[in-house]
Structure formats: C-alpha cells, structure tokens
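S.K.: Given next are the chains, with one letter for each unit.
Protein chains: 2
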Amino acid sequence: MPQLLRLQNFGVSRDGFGAGEGQSLEHPFGHANPADLVGWCFATASWVNRTDPGGSRGLDDYFTRDFTNNIGAEIMGRNKFGPQRGPWPDDDWRGWWGDEPPFHTPVFVLTHYPREPMQVGETTFYFIDAAPDEALEQAKAAAGDKDVRLGGGVATVREFVEAGLIDTLHIAVAPVELGRGERLWTGPTELDDRYHHDVVPSSSGVTHHLYWRD
Amino acid sequence: MPQLLRLQNFGVSRDGFGAGEGQSLEHPFGHANPADLVGWCFATASWVNRTDPGGSRGLDDYFTRDFTNNIGAEIMGRNKFGPQRGPWPDDDWRGWWGDEPPFHTPVFVLTHYPREPMQVGETTFYFIDAAPDEALEQAKAAAGDKDVRLGGGVATVREFVEAGLIDTLHIAVAPVELGRGERLWTGPTELDDRYHHDVVPSSSGVTHHLYWRD
Numbered sequence: 001m002p003q004l005l006r007l008q009n010f011g012v013s014r015d016g017f018g019a020g021e022g023q024s025l026e027h028p029f030g031h032a033n034p035a036d037l038v039g040w041c042f043a044t045a046s047w048v049n050r051t052d053p054g055g056s057r058g059l060d061d062y063f064t065r066d067f068t069n070n071i072g073a074e075i076m077g078r079n080k081f082g083p084q085r086g087p088w089p090d091d092d093w094r095g096w097w098g099d100e101p102p103f104h105t106p107v108f109v110l111t112h113y114p115r116e117p118m119q120v121g122e123t124t125f126y127f128i129d130a131a132p133d134e135a136l137e138q139a140k141a142a143a144g145d146k147d148v149r150l151g152g153g154v155a156t157v158r159e160f161v162e163a164g165l166i167d168t169l170h171i172a173v174a175p176v177e178l179g180r181g182e183r184l185w186t187g188p189t190e191l192d193d194r195y196h197h198d199v200v201p202s203s204s205g206v207t208h209h210l211y212w213r214d
Numbered sequence: 215m216p217q218l219l220r221l222q223n224f225g226v227s228r229d230g231f232g233a234g235e236g237q238s239l240e241h242p243f244g245h246a247n248p249a250d251l252v253g254w255c256f257a258t259a260s261w262v263n264r265t266d267p268g269g270s271r272g273l274d275d276y277f278t279r280d281f282t283n284n285i286g287a288e289i290m291g292r293n294k295f296g297p298q299r300g301p302w303p304d305d306d307w308r309g310w311w312g313d314e315p316p317f318h319t320p321v322f323v324l325t326h327y328p329r330e331p332m333q334v335g336e337t338t339f340y341f342i343d344a345a346p347d348e349a350l351e352q353a354k355a356a357a358g359d360k361d362v363r364l365g366g367g368v369a370t371v372r373e374f375v376e377a378g379l380i381d382t383l384h385i386a387v388a389p390v391e392l393g394r395g396e397r398l399w400t401g402p403t404e405l406d407d408r409y410h411h412d413v414v415p416s417s418s419g420v421t422h423h424l425y426w427r428d
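Chains as they are written, first to last, in the numbering used here: chain A, 1 to 214; chain B, 215 to 428.
Isolated chain A, as found in the complex:
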C-alpha cells in the first residue's frame, strides 16, 4: 500500500475560514467559537478527547474514528502547537495539547526556530525547520509503513496543497460565517482541478468535502 499524506477533520466556516482573527493562548481559534466550527466532532462517540461513554455513531463518527486509523506520524504548523511567535520563550510550556496529547505518534512541528524534541505522554514533538517535501520525507520515515496526518493550521495546509503533497483531504464546512481570520479557500470547488471530490451533507449541519487523487 502507498503511504499517504492525509488531511482529516479540518473545520472551516461557510466563508472559508479555518480560524478567526486574534488567536491567543486563551483563544486558539481567535474570535471564532470552537463549538461553531468543530462542534460536530465533539458530539461523536469516537471524538479523540471524549471522556464519557456517550456520543453519536452515525456519519460524523466515521470521520472522527478514522483519526488514528493507520496513522503513524503527524505534521503540524507551529501555530497548532502554540500561540508563540519568533524565538521560543525560555519556559516549560508544553503546547496546547495537555498532558496526554491525542496523537500518540511522532509529531513534526514546522518552525523557523528548531529546538530539542519534547516528549509529552505518548507523543514526541520534533521541531524542524524544513520545506514541506523534506518534512514529509522525515514524517514518512517515522511512520513506518503507515500514513502521515497533516494537522494544519490553515497556512500549513495551503503550503502543502500548493506543493502538491496531500493525497486525501477531508474538510468539514460548518454552517457559520466568520467574516475574517485565517482563510483556507474561496470555496470547496477550488481544488476540483486537482482532485476527485465527494460532497456529503451530514444531519449535524456540516457538509463534509472529501478529496482524493488517482
């Protein structure tokens, strides 16, 4: 089986924003309410941060339970690790993801400020200054024979799309308008020149857009 680079469960607003304006430590999505943007995830039985036994097991759950399926590594932009910009502050802050991050694999954090790897729970974060194709090569090697997940955020996704490196994309368009922030695209047909495209409305109100290539 070929090793894929997969974007999964990436939420955008109807007007194409993956995060609002003014991201900060307290507000990872800026002025956007996370529940508006990615609340469909939280409602599913297989949501990776679920702590109680409830949740739906319909269409949306197929997407959240595929999060870890055959994934051996993740690549994320620095802004998905934390809100700092520029040189790393000399503190012991260990990222957005708590004591047991949901990745459980090597995670490659793209940054112009490399630093020593950091192990948090079962996840090790590697901070690398690398072009998309070099980062993908490292992540594939770390993933064994499994696939690599592209975690985001918006700027990182755009960079990897432009470089033609992503094999499959799952983007969930939420029924909310943000007006400003980090813009992924002008609309879901923007990738149709490069990918097959399934449009799948869900009873939760989001529309799942699935892209793949031959």
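None of these hints come from the bench; they were simulated from the model. Each hint should be verified, as a subset may be incorrect.
[Said to hold, decoys possible] Chain A stretches covered by chain B per the calculated footprint, using a threshold of three residues with CB under 8 Å from any CB of chain B:
#1 56–64
#2 189–203
[Said to hold, decoys possible] So the derived list for chain A, only partly shown, Cβ under 7 Å to chain B, looks like this:
#3 F67
#4 N69
#5 T207
#6 L210
[To be verified] Listed next, with one range per pair, are the computed distances between beta-carbon atoms:
#7 A/R180 <-> B/H411: 34 to 44 Å
#8 A/D193 <-> B/E348: 50 to 60 Å
#9 A/R94 <-> B/T400: 55 to 65 Å
#10 A/D214 <-> B/H411: 31 to 41 Å
#11 A/G164 <-> B/S417: 47 to 57 Å
#12 B/D266 <-> A/G164: 18 to 28 Å
#13 B/R264 <-> A/G164: 21 to 31 Å
#14 B/E348 <-> A/D52: 44 to 54 Å
#15 A/D193 <-> B/H410: 32 to 42 Å
#16 A/S24 <-> B/D229: 40 to 50 Å
#17 A/W96 <-> B/M215: 18 to 28 Å
#18 A/D52 <-> B/E376: 28 to 38 Å
All C-beta atoms in this analysis are idealised placements derived from N, C-alpha and C, irrespective of residue type, glycine included.
Position chain B relative to chain A; hints supplied.
M.R.: This is chain B only, laid out in the frame that chain A set:
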C-alpha cells in the same frame, strides 16, 4: 469503551433483498449479480480483497476501511460460510473465503451441526449451535476489548435485530431491483423505532443507511 456488535457494509437491493433466489456454490448471491449489489465496495481503495493499488478514496472508502477497525471477532450464519445445508459432507472444502479469508480473527459460524474448528490462513472458524445472545457472549470474550462484527446473511441479521443485540448497522442500498430472494426488510425506515438513522447518498449510486442507539 463499550464492546459493540456492528453490522457493516451490508448490501441490499432497493426492494430490500440481501441475496437473490437460488444460492449455490457457484452463485453465492443466487440470481443477483454481486457487482449490482455490492460493486460499490469493489471500487474503493480499501476493499478488503483488493490486489492492485487503485481505487477511490471518497465517501465509500470510509466504509470499506472501517471493516477491520477495532474488530476482534465475527459472527456469521452458516450460509455465509458455504452453500451446504444439513449435516456437513465429509469433504475438505474450507468455505467461500479462499486460502486467506479477510477476517484475520476468530469467526463464529452459527449452525445446528457443530464440528471441529477449522483454521484457514489467519482466521479460525468455530462452528457453534447457539442462540444469538450466547453466540455474542462467546464472540465478545474472543474479541478481547474490541468490537464484534455481525457478518450476515439476511436471516442471521434479522434474528439478531429481533433479539435487540445489534448496536450499529450500516446497510448500503444499491440502485437495483431483485424481485425475489432473501429479504431483509420492507424499507430503511423499518428500524426507526429502535435506532437513530442517518441517510447518506453516495456519488457511486448507493445510499448508505447508518443506525445507532444511545
């Protein structure tokens, strides 16, 4: 996490038949053409019997790649193992599933004619004369902490639905009429008194029906 009993990728015709009339060794689906009924599976990248690297990775592929996801055992009716009826013939026939069956777990075959377990490749078939709830208890024990797949066929699915034992169902309605054969239901709303229900049309022409309960 609770251990679930899951029906997955079960194909029926628009008029509710899971197999045609006249099932035999050469024609496991009777007068029905398997490609009409379950051809949507064959077209996906993750179809369990795929031998070449092609295939689609859109909506339908989420269903085929969930086939083995967190599954630790299967229960199937005798008619899914082979076409024989009554006492087993004294031969060395080893079922429909070839030298390397796609299950790779213990499989419990329901029959009124128990016989010794049979290992084929990485799959061991256990032939048990048991009521649905007893069979499920054995399969759950064999599955460790994973879920159990209900494999079919139609009569077995109906029996387990009647007994209230199935937690989630995925039934794919194909755009074909069979007129006669093994009938699963009068229509997709038949289970709505007992389950939540998502209706998901696919670009392949099938409509996926997903059922779950609280």
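S.K.: Take the hints in turn and mark each one as holding or not.
M.R.: Taking the hints in turn, this is what the structure says about them:
| no. | hint | in the structure |
| --- | --- | --- |
| 1 | 56–64 | holds (count 7) |
| 2 | 189–203 | holds (count 6) |
| 3 | F67 | 11 Å, violated |
| 4 | N69 | 6 Å, holds |
| 5 | T207 | 12 Å, violated |
| 6 | L210 | 5 Å, holds |
| 7 | A/R180 <-> B/H411: 34 to 44 Å | 38 Å, holds |
| 8 | A/D193 <-> B/E348: 50 to 60 Å | 56 Å, holds |
| 9 | A/R94 <-> B/T400: 55 to 65 Å | 57 Å, holds |
| 10 | A/D214 <-> B/H411: 31 to 41 Å | 34 Å, holds |
| 11 | A/G164 <-> B/S417: 47 to 57 Å | 24 Å, violated |
| 12 | B/D266 <-> A/G164: 18 to 28 Å | 23 Å, holds |
| 13 | B/R264 <-> A/G164: 21 to 31 Å | 25 Å, holds |
| 14 | B/E348 <-> A/D52: 44 to 54 Å | 31 Å, violated |
| 15 | A/D193 <-> B/H410: 32 to 42 Å | 38 Å, holds |
| 16 | A/S24 <-> B/D229: 40 to 50 Å | 58 Å, violated |
| 17 | A/W96 <-> B/M215: 18 to 28 Å | 25 Å, holds |
| 18 | A/D52 <-> B/E376: 28 to 38 Å | 30 Å, holds |
In summary, the structure is inconsistent with hints 3, 5, 11, 14, 16 from the numbered list given earlier, while agreeing with the others.
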